[in-house]
Amino acid sequence: MSDVSSHREVYSILRKPLILGNKTYADVTNDVCAPLEQKSSLAWWLSILAAFMVMVVGIVAVTYQVRTGIGTWGLNNTVGWAFDITNFVFWIGIGHAGTLISAILFLFRQKWRTSVNRSAEAMTIFAVICAGIFPIIHMGRPWLGFWVIPYPNERGPLWVNFRSPLVWDMFAISTYFTISLVFWFVGLIPDLATIRDRATGLKKKIFGWLSLGWDGSNKTWSRYEKVYLLLAGLATPLVVSVHTIVSWDFATSVIPGWHTTILPPYFVAGAVFSGFAMVLTLMLIVRKVLHFEDYITIHHVENMCKIIIATGGIVALAYITEFFIAMYSGNDYERFTFINRAFGPYAWAYWIMVSCNIGFPQLLWFKKIRTNVVSVFIIAIIINIGMWFERFVIVTTSLTRDYLPASWASYTPTSIEIATFAGSFGLFLTLFLLFARFLPMIAIGEVKGVLSYGTQSPTNGQKTADVFLKEKGSAQIPNLKPQTLEVQ
Amino acid sequence: MSRRLLINYFAHERDILSATRTAREQGYEIVDVYTPYAVHGMDEAVGQKPTRLPWICFLLGLCGAAAKLWYQIWTSATSWPVNVGGKPLRSVPAFVPVTFEMMVLFAGVGTVLTFFFLSRFRPGKKPSVLYDKTTNDTFALVLVQNNAAFDVSNVKTMFAPYHLVRTEEQIEKGNR
Chain E
0 MSDVSSHREV
10 YSILRKPLIL
20 GNKTYADVTN
30 DVCAPLEQKS
40 SLAWWLSILA
50 AFMVMVVGIV
60 AVTYQVRTGI
70 GTWGLNNTVG
80 WAFDITNFVF
90 WIGIGHAGTL
100 ISAILFLFRQ
110 KWRTSVNRSA
120 EAMTIFAVIC
130 AGIFPIIHMG
140 RPWLGFWVIP
150 YPNERGPLWV
160 NFRSPLVWDM
170 FAISTYFTIS
180 LVFWFVGLIP
190 DLATIRDRAT
200 GLKKKIFGWL
210 SLGWDGSNKT
220 WSRYEKVYLL
230 LAGLATPLVV
240 SVHTIVSWDF
250 ATSVIPGWHT
260 TILPPYFVAG
270 AVFSGFAMVL
280 TLMLIVRKVL
290 HFEDYITIHH
300 VENMCKIIIA
310 TGGIVALAYI
320 TEFFIAMYSG
330 NDYERFTFIN
340 RAFGPYAWAY
350 WIMVSCNIGF
360 PQLLWFKKIR
370 TNVVSVFIIA
380 IIINIGMWFE
390 RFVIVTTSLT
400 RDYLPASWAS
410 YTPTSIEIAT
420 FAGSFGLFLT
430 LFLLFARFLP
440 MIAIGEVKGV
450 LSYGTQSPTN
460 GQKTADVFLK
470 EKGSAQIPNL
480 KPQTLEVQ
Chain Y
0 MSRRLLINYF
10 AHERDILSAT
20 RTAREQGYEI
30 VDVYTPYAVH
40 GMDEAVGQKP
50 TRLPWICFLL
60 GLCGAAAKLW
70 YQIWTSATSW
80 PVNVGGKPLR
90 SVPAFVPVTF
100 EMMVLFAGVG
110 TVLTFFFLSR
120 FRPGKKPSVL
130 YDKTTNDTFA
140 LVLVQNNAAF
150 DVSNVKTMFA
160 PYHLVRTEEQ
170 IEKGNR
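Line by line, the protein sequences are chains E and Y. The numbers in the first sequence follow numbering that gives the first Met the number 0, run straight up by one, and end at 487. The numbers in the second sequence follow numbering that gives the first Met the number 0, run straight up by one, and end at 175.
Derived by calculation from the structure, the hints in this document are not laboratory data. Nothing here was measured: the structure is a model prediction, and the numbers come from that model. Every residue gets a Cβ at the ideal spot worked out from N, C-alpha and C, and that includes glycine. Don't take each hint at face value.
Which bits of chain Y does chain E cover? Going by a derived footprint, with three or more residues having C-beta under 8 angstroms, they are [to be verified]:
#1 21-27
#2 35-43
#3 79-88
#4 149-160
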């Protein structure tokens, strides 16, 4: 039969299983729903309390700077962009891994993505929320932030300048946020229905409301799969466009070190690189705390490490190319900017960037290191730090030393700026912890689909009906009373 | 008109795929198949026609892109033309990024809303049919007992090789 032969190809026992522990479908549901159905642990309460308190520090800092004015920052006439824009690019970059996992790896039929896509997508949404805060604060008068939206107004109507990369950025980020949210929610619907059918009382009502009446019929699944594919197809160029446009914020200016055509691919690769580092940081904690070792296996960790090596390689190549082109261009300003980056007053930041992003990730070439959870966790943290410094180096070094030596200046962040950045981490972690407590961290429906992948038993890792009946006893299966049904 | 339904439960993907295919080959009328996850090859087994959503997605994307391109040209060159650094008023290349973003936004959000509309999804809706544990670990194939010749025991025999777990009869109050 044709279905058997096609099964052979995909479910060959020669492949490594994706999910360990020879799980049944019910095991998957139980395991993933377990954290949602228990009482919150003390560790969860302590971590969300800590995250919330850090967020409050951020809220206080933002309130203070909005009330007082942007003089509370370390900016000056020469350095007009520094900490806020660095943080904005940093968070947007982190957001890119989620879409890469959910969309690009989906198009490439990378089935291992099913264990990590849900939480990576959630991470994307939270990271984009954190990112979005910074340009709004940066406006100085955030209550007029809606002026970036081209709406018919009483000032003419005076429209936004559609030739400005800052306007492109507004459209790119808001589209990215909306599409990521929609993608995440569509993926959640079947799992919300699974929880609805297990829950009782108020929880059943809430999840019943959220799951929109999902019944798991093939008609719906068929459309759902197509919608998922279409969204993946749309999100793939979108994710590339978003960081491309972010890089244009810099590249379309005439500042030396910014005005280069290499910036878009360099930024996109860097974004995926930093995003995967953040996914690994979070996933390694999640798999340990929520006991998901059978779902997020060492094989998954290894695969993500390989993507880090690849994108880290592109980033390294970009650093070298950028330096070489500056030297080779014959343009004194470009040449000076890059020498200044590596040996000027911010050389320490440059070398932190180079060692964290080019140096340490090379350790992942060794299988021993990339299959060791502790070493991977440490390297992921190092990359997160390195990628923050990359953005700091790009934004600050170019501005502190521009064309006119008379206007050269220096920049040091104030405590208010640092508190705002810390607060964004508080917000990110608070949202992530709430997500981990109330929604399924792993895509139940998708994992069930790859459960039989690479397993040895004749029924593709599932118990046969005979075993199923023998174990449970037919009496164990509850009988539905004949009921009146409405079929639309 | 009410229909008598026979619900057949299976425990595994492969079983329900083969059972569905056999049922259709034998000429049974299938209402639908209920599965905990998207079973690949099921569309073919049930005889489900491919959805036309890709076309809707394409048209929505086209509308979004066209509308936004027009809007940018209209605001920049007609409604309130502003000379920015001597750039032409209809600087179409500069309008490409936002046009692209709007295409993605319209196509993505529109497709999902169309999907919700087609599947009659809305917040708070109770699932119109829900068979036992099909969102957890059971697969259900629903047949219509469409004539007097329909014999439940025949169906049970037909599905025996596919490890039929159990069957159940229901009366559907249809208003289709």
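Hints, one by one, checked against the model:
1. 21-27: Violated: only 0 residues of the stretch 21-27 of chain Y have a Cβ under 8 angstroms from chain E.
2. 35-43: It holds, with 8 qualifying residues against the three required.
3. 79-88: With 4 residues close enough to chain E, the hint holds.
4. 149-160: As far as the stretch 149-160 of chain Y goes, the hint is violated, because 0 residues have Cβ atoms under 8 angstroms from chain E.
Violated hints, in rising order: 1 and 4; the structure is consistent with all others.
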